[in-house]
Structures are given as C-alpha cells and as structure tokens.
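Colleague: What follows is each chain in one-letter form.
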Amino acid sequence: MFTPEMILAILPEISLLVLVGVILVVDLSISKERKGILAWLTVGGLALTFVLTFLLSRPGDETELWGGMIRHDWLAYIFNLVFLFGAGITALFAIGWEQVGKRGEFYILLLTSTLGMSLMSAAGDLIMLFLAIETASIPLYVLAGFMTKDEKSPEAGFKYLLFGAMTTAVMLYGFTLLYGFSGGETNIYELAANIQAGELPVLVSLGTLLLVLVGFGFKVSMVPFHFWAPDVYEGAPTPVAGFLSTASKAAGFAVMIRFLLVIFPAANIPQWVIVIGVISVLSMALGNTLALAQKNIKRLLAYSSIAHAGYVLMGVAAAAHTSLGVTSVVYYLIVYLVTSLAAFGVVAIVWHTTGSDDVSAYDGLSRRSPMLAVAMLVAFLSLAGVPPFGGFIAKVLVIASAVDADLIWLAVLGVLNAIIGLYYYLIVLKHVYLFRSDEDETPIKVARPHAVALTICIISIIILGVVLAPWFEWTSFAADAIF
Amino acid sequence: MQDFPILTIIVLLPLLSGVVLFFLPGDRKQLIYRWALATGLIEFLLSIVVYIGYDIDGDRYQFIDKFDWLPDLGISYYVAVDGISAPLILLTGIVIFTGVIISQRIDDRPREFFAFLFILATGVFGVFASLDMFALFFFYEIAVFPMYLLISIWGWKETREYAAMKLTLYLFIGSVIALVGGLALYFEAGLGTFDMLQLESFKFSPEFQKLWFPFVFIGFAVLGGIWPFHNWSPDGHVAAPTAVSMFHAGVLMKLGAFAALRVGIMLLPEGAQFHLPWIILLTLVNVVYGAYIAMVQKDFKYVIGFSSVSHMGLVFMGFATLTEDGFIGAGVQMVSHGVMTALFFAVVGLIYDQAHTRQIDELGGMAKKMPFVAGAFIIGGLVSMGMPGFSGFIAEFPIFMGVWQSHPWIAIAAVISIVITAAYVIRIVGSVFFGEMPEKFEGHVHDISRSEKLALGVLCLVLVGIGIFPSVIVPMVESGVQHVMTLLGGV
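Residue numbers (my numbering), protein chains in the order written: chain E, 1 to 483; chain A, 1001 to 1491.
FYI, nobody ran anything at the bench for these hints, they're computed from the structure.
Model, not experiment: these values are computed from the prediction.
Glycine included, each C-beta is placed from N, C-alpha and C at the ideal position.
Among these hints, one or two may not hold up.
[Stated by the list, open to error] As a list, the in silico SDA-like pairs of lysine to any residue whose alpha-carbon atoms are at most 25 Å apart: (1) A:Lys1210 with E:Asp404; (2) A:Lys1066 with E:Glu473; (3) A:Lys1166 with E:Ile419; (4) A:Lys1157 with E:Glu441; (5) E:Lys430 with A:Arg1105.
[What the hints assert, rightly or not] Derived coverage of chain A by chain E (criterion: at least 3 residues anywhere in the stretch with Cβ under 8 Å from a Cβ of chain E; other residues may be distant): (6) 1062 to 1070; (7) 1147 to 1156; (8) 1160 to 1169; (9) 1172 to 1186.
Isolated chain E, as found in the complex (with noise of 0.2 Å):
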C-alpha cells in the first residue's frame, strides 16, 4: 500500500536525482564561460535538499518501508544529512579548480555517489545494498581520475577502481553464502533470524563475516584493506580525496554497525568483537606510525585516516556490548567529516597558490594568512583531539564506550595511539607557526566560496566540541534505531 511517508523516506533521493538531471540538463545548454553557474548550483540544490530531509524525513513509526528495501530510521537519516553536508561541502572546494569545478560531469558524479551512499545506509535489502554501494563506488572511481592531464589522478582512479573491483567481488560473495544459509531471503533483518535460528557453526559465520568485512573494510580504508588509501589521496583532485575521506568511509560505517549488529549479534557469535579490536589497534598504530614518515600532506591525511578508522573500530567493537558504541561511532564519524572536510580544504586552498602539497609549502602560513592558520590549527587540534573541538569529545566517547564494554587494553592501546597522532599534527603545525619561508610576503589568497565552506566547517567543529546534547542525542537515537 502506498503512503506518502514512502515518499517523504526517500526525500532526499528523489531530490538528489532530480538535482542530477537538471545539472545535466544546464550543462549541455549553457556557453563554456559560464559553467561556474553549475556548482553554485550544485551546491544550493545540496543545500535545499538538506534543509527539506531536515525539515520533512524524519524518521517516523514505521521503519520498513518499499517492500523492506528501505529503512526509514534514525541511523539513515543521520547519515543522510552527514553525505548531503560532505557533497556540499566538497563542491564549494570544487569551484575554481580548474580541471574538475567547471565542468558538469564533476558535480554529476558526485551528486550520483552521494545518492548511492543515501541508499547504503538506509538499505534494508542485500540487493538493494549492494546497488547502492556500486551506485557510490563508481562514480568515485572516475573522480579520483578525473585529472586526465595529470599525471598522478588516472593512476589513483584506476587504481581505486581495481582494489574496488576485488574486494566488492569478495563481498559479494559473502552475501551469496548468507542467503543460502539463511534459506533464500534478502531481507537483511529477516534473513538475520532465520541465520540465528539455524545455529550455523561458528567457523562458517565467522568466515563469512569476515568476506563481507572484506567490502566494508575497504570503504572505511581500515588494515589491512587500506593499501589504496595513499596512493589514491594523493593523486585524485583534493576536495574528491577529502569527499573518499569523510563520506564515502561514513558510508561504510553505517552499512558496517548495521550489518555485523543486525545479522551476526555477539550473543551468537561473540568472536568478532576480538577480530574488529584487534583490527582497530593494527588501524591506529600503522596509519600513525606510517603518517609520520610522510613528507607529502595529502598522504599524511591518508594515513592520519587510515588511523581514524581504527578509532571508529573500537567503538564498533564496543557496540557489540553497550549502545554507547553505536552512539560513539556515529559521533567520530559527524565529527570526523566536519574536521577531516576542513583540512582538505585548507590543503586544497594552499596548493591553489603554492602549487604544491608538501608539507614544507606550509612554512610561515601563520605570516602569509593567519585567518587560514588558525582554521589549520582547528582543524588540525581536533584531528589529534584536543579541546574544546569536536575531536575530543568523539575520541572520548569512543574510549568511554570501549571502557564501558570491558575492553581496557583497547583504550590503553587508543590512547597511546592518539599521542602518536598528536606528535606529526604537532610537526605540521610547526610548519604552519614556526618556519619561515622566502615567500612570508606573498599572502595566501582565499577565495570567496572557499571562505564561506572553511568558515562552515570551523564553526561546525567547535559546536560539536561545545554544545554536546542535542547532537548526542541524535547519535543515540541513531544507536536505538539499528533493532
């Protein structure tokens, strides 16, 4: 039966598609010149379905909804302002850039991915799963690539493009196996009982999570299917890599918490709390020992993300025991996306003027645009998290639910890791404040929309460090909503 909260369900879907189609639409109908009138465009549709999925798709009673292909809850509907904010975050940097923010296909890409990720984390259905995450994924291949006369970005896009490949196949796999067990059902939730009512051996559920992680763990970039990661930050345009950073990796945490939560619950099979800690600490200390090594800051990025991963990892491994962990995921995730968005942008706006991503082009930045310094020192602090930004409170709440589940050598060995992480944001920082460069006098432009997205993110970041209830409490909400 039809109603209209199966409309208002996939708000923000239709929305983002008519977006598409009326970007390509002005795109072949508008002279070269004024292609710039496209991401303005872009960007207030992103903003218009933003504010209306606020406004009008809030989750109500009725959760399963289309046949069971979508689910209406709290944890989509986050997920879904968090994607609709990254995309339009990412396009303000896009505009300006010269091979990517004039040209329509760009912004059609990223609008399709971000459709797809809408769909991961409402997805209710294994096909309608799997769908959505190729609906994500392949336009994110062609974005990474999509300097064709660089000589870096094809490389990422094809390289992003052939680790996607291999580890969706295995996924899929995994998927396969889970609906012959369960004895022929897609349904996610439906397919869960029947699975736990059919006492597999725990060897075979086991194996099985683990091809399935095998998926996920690439999306999220977490060990040991992280190896894409630098390589493809490095090459593809910068704000695409910030959007690979923060979006696409929410994205696969959603699908993550909801899938090991629903199917594989730790009362049946309490062995993979072990595997995703384990996971989670091998995540931290290689991407903060491997990011201290780097010269090039795009890569730092990279790897201060694959180490991100990890701290998300433990709190999904602490969700198996308390619902703090779910809250805490979703929290980093919100948080991460603000700051991590933030700091490609500050990278993207420098290497408009210097021309370069190492992290020597930071020198004097503090003399050549303080405004811009302290928005890297933000963003940076709370990266490393530090007061009052939103990166303390997400590490905190990530180490709280790790303790609450009893898992304290988890905590211990996330600590240590964040003081690791705290050492090479510090080097950065130094570049920033401290060296000198011949050029202190050139000052750093910074232009206009950049401005406006940075100055976002900022704001954003010390609320979410500040004003903690209202959104703790979404988080929670997000964690009631996955049962």
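Could you slot chain A onto chain E? The hints should help.
Modeller: Same frame as chain E, but now just chain A:
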C-alpha cells in the same frame, strides 16, 4: 552574590578575550598589549574578589555555577571553589596579570602570543574550579596544548622545538592515561554522572581502588613533575618565553598536583592509602635530587627549572604523608611556590633580555644596574630556602611536620634539600647580582621599567604577606583539607 556567575566569568573571559584578539589587526601592537593587560587586570581583580569573598565558615563549596552539559551521560558544567582551590584561583590571577606585564617586549606576532596565553589561562582556571570530572579533563587538555605553540614559536631558539614536543607528549600521555582511569571510575560507579561530589560518596571496592589509583595519580602527577617523569619540565621551562615559564612553573605544575589530589586521592582514598607509602619515595627523589641537580647547573634558568622539580616534590610529599599537616603544607606550598617561581622566571627573563646570556659565570654585578630585580630575587631566594617570615616557611614547615609524623627517616633525608637549596640560591645571588660586572654589559644593561617593577612588586608582596600573616591563607586551606581528611577516614 551567588547570582553573579563570577567563577564562570573568570573561567571563560580569557578564552573570549583570546578569540577577540585573533580579530584585532596584527600590526597594532600597542592596542594588542593594552587589550591583554586589561584582560589580565580584570582576571586578577576578579580572582581577588573570589578569594576575599570565600567564607571559611560557610559551605564547603562556594560560588557554585552549574548547568547541564550532556545530561544523557551525566556531564555538567559545574564550577565552585573550596578552601584548596580558592587560593589557586588567586595564584592564577596573579600570574596571568604579572605575566602579561612581563611580556610587554614580545615583538613577534604578539596577537597570537596573547591569544594562546589566554586560552591556556581558561584551561587552568577551569581545572581549578571544576567539580565535574569530564569538565576537568576538558579544561586540563585545553591547558596543555597551547604550551606547544607558545614554547615552540616564542621560546629560546636553541632548544624550543625539542623541548616543546617533549613537554607536550609527556603531558598528553599522562593526561590520557588519567582519562582512561577517570572513565573506568565513571563506569565502575555506574551512577551515570561525572559529578565528583557524588563519585566521592560512592564506595569503590578496595581492589578497584588499588588497581586504578596509580593510573589516575601518576597520570596527573606527570604534569606536577613527579620523578621519574619530571624530565620534560626543566627543558620546557628553559625553552619557554618568560611569561610562559612563569605560567608553566607557577601555575600549570599545580594543575597536575591539584588534579592528582582531586581525582586521585579524593575519589580513591583507599587506593591512596595503599600506594602513597611507596610514592613518597619518588617524591623524596624529587626533592633531594632536584635540588642537587639545580646546584650543579651552569645556566641560570636551568637552576630555577630544577628547583621547581624539587619544590613540587615537596607538594607531593605533603600529599603522600596522608596527614592533615602534610596536606595543609602542600596546599600552601602550591601557592607559595607558584608565586616564587613566577618571580624567579620573571627575574631570569628580565636579566636575559638585557644581558643576552644566562650563564652564571658570565654574569655578575647586576645589583648595581638593577637593584630592584636583585632585591626581588633575594626575597624569592629566601622563600625558596624556607626562611621564617616568608611564605616558604609557612608551607614547608607543616610538610616536614607531616613527614616526621608518618615517615621520620624520609623527613631527615628530605631536610637535606633545604641545605642544598640554600647553597644554590646563595651561589646565584653571589655571582649574578654581586661581584664585578663584566665590561661587556656596560652600556646596554639598564634598570627595568616601572610596570615591570610593579609586576615584581606584586609577586614579592604576596610572598612576604603570607610569611608575616599566615592567617590570610592557612585557615582557608585548612578548611578544604578537613574534608580530604574525612574522605581518608578521619585520621
């Protein structure tokens, strides 16, 4: 009176002022300095109001401000002062005010300098005033990170990068270890609140207390410079610019001691009783070894840096006695040492600014050119030696009484430090301020400005004032300590 949120203003005003600074034009250095001075002065006056307004016979916690921050987890913004923290608020007010005056000559990006200094001040005030454990951690970390920038940008060129990073990493490791301990406390109690007054009344099991006390206590004590985790402190102090050394040795190290007391000893009293008897040995090393190392330094500023390690050891030793006298002494020592060491670093900074060297054997005869500075240093030196009539005596005498009651042998060993202290203070006074002045200083070493005299004067006044009228502080600290003693089982 209670309706006026004076503590909240004290805590948040520096932060706001720091943010405003970022928007002032960077080249208007006079304007920036005046703005900073005004903020410092207001903080100083407000902290005096709190100190005087604190009623010793009144409630245990006064000037309470509280509102919910994250009710789902029982986190609230909850500030108040008791008899131990009220003097520390005053101390911070004094040091921020005098520190701004001493920083008048900062020429490289003063806007950023004062902004970071004020953000640091917010963290410090916040820790001293917080009654909510989460808020305490929040402010604690705010207080730590600006140090990195302050030292590495405006510090002494030779060692600043190394020292700043070392300091920051040490302190963060300490604080995150303590954080894990704090979270364990929160979940173990299961009260769903970070309110430390409620956590105090929860009886943690002895095993739990014994397990977690070292995490929390040592984690915080790193910032207090406890041996063997003191190593960051002399390097950090020496590399830091004058005002930051003052702030750091004067106030920040107290933060570590204070948080170790509030979260460690007060929430886990049985753990404290179990572990402190061996921790007192660490503090003994602090006291004696710190003083000894100070004696053999060639660099004036390193002498002061190591003397801080030695004196902070006395604070922890006072805690570790678990006696009322010991706690009172430690409470007074925090203030006395804070002011004294701020004075020392100010003196070192003023001399270095003009003489461009800190090597003790290169300096000499400074008293002729800077009589006021010499006088101030001698007062500080007498405090440092624990001479009666100065605040050091009021602080150290009870500590030694406490140690004598609980560990007589340690008291005997620790008293040696006073002799060593006297030796290095007299050595500095003799070779830096008196004797022949080398010719190379002729001409460019002048007396200090009037506002700098004012800063030194304020610091000296406090040291002498406490020494002559101990009743301005001791009863207040005593009122706070009484509660600690009840938690420890009314020894």
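Colleague: Give a verdict on every hint.
Modeller: How the hints compare with the structure:
{"no.": "1", "hint": "A:Lys1210 with E:Asp404", "result": "holds, 19 Å"}
{"no.": "2", "hint": "A:Lys1066 with E:Glu473", "result": "holds, 20 Å"}
{"no.": "3", "hint": "A:Lys1166 with E:Ile419", "result": "holds, 12 Å"}
{"no.": "4", "hint": "A:Lys1157 with E:Glu441", "result": "holds, 22 Å"}
{"no.": "5", "hint": "E:Lys430 with A:Arg1105", "result": "holds, 23 Å"}
{"no.": "6", "hint": "1062 to 1070", "result": "holds (count 3)"}
{"no.": "7", "hint": "1147 to 1156", "result": "holds (count 4)"}
{"no.": "8", "hint": "1160 to 1169", "result": "holds (count 4)"}
{"no.": "9", "hint": "1172 to 1186", "result": "holds (count 9)"}
The structure shown violates none of the earlier numbered hints.
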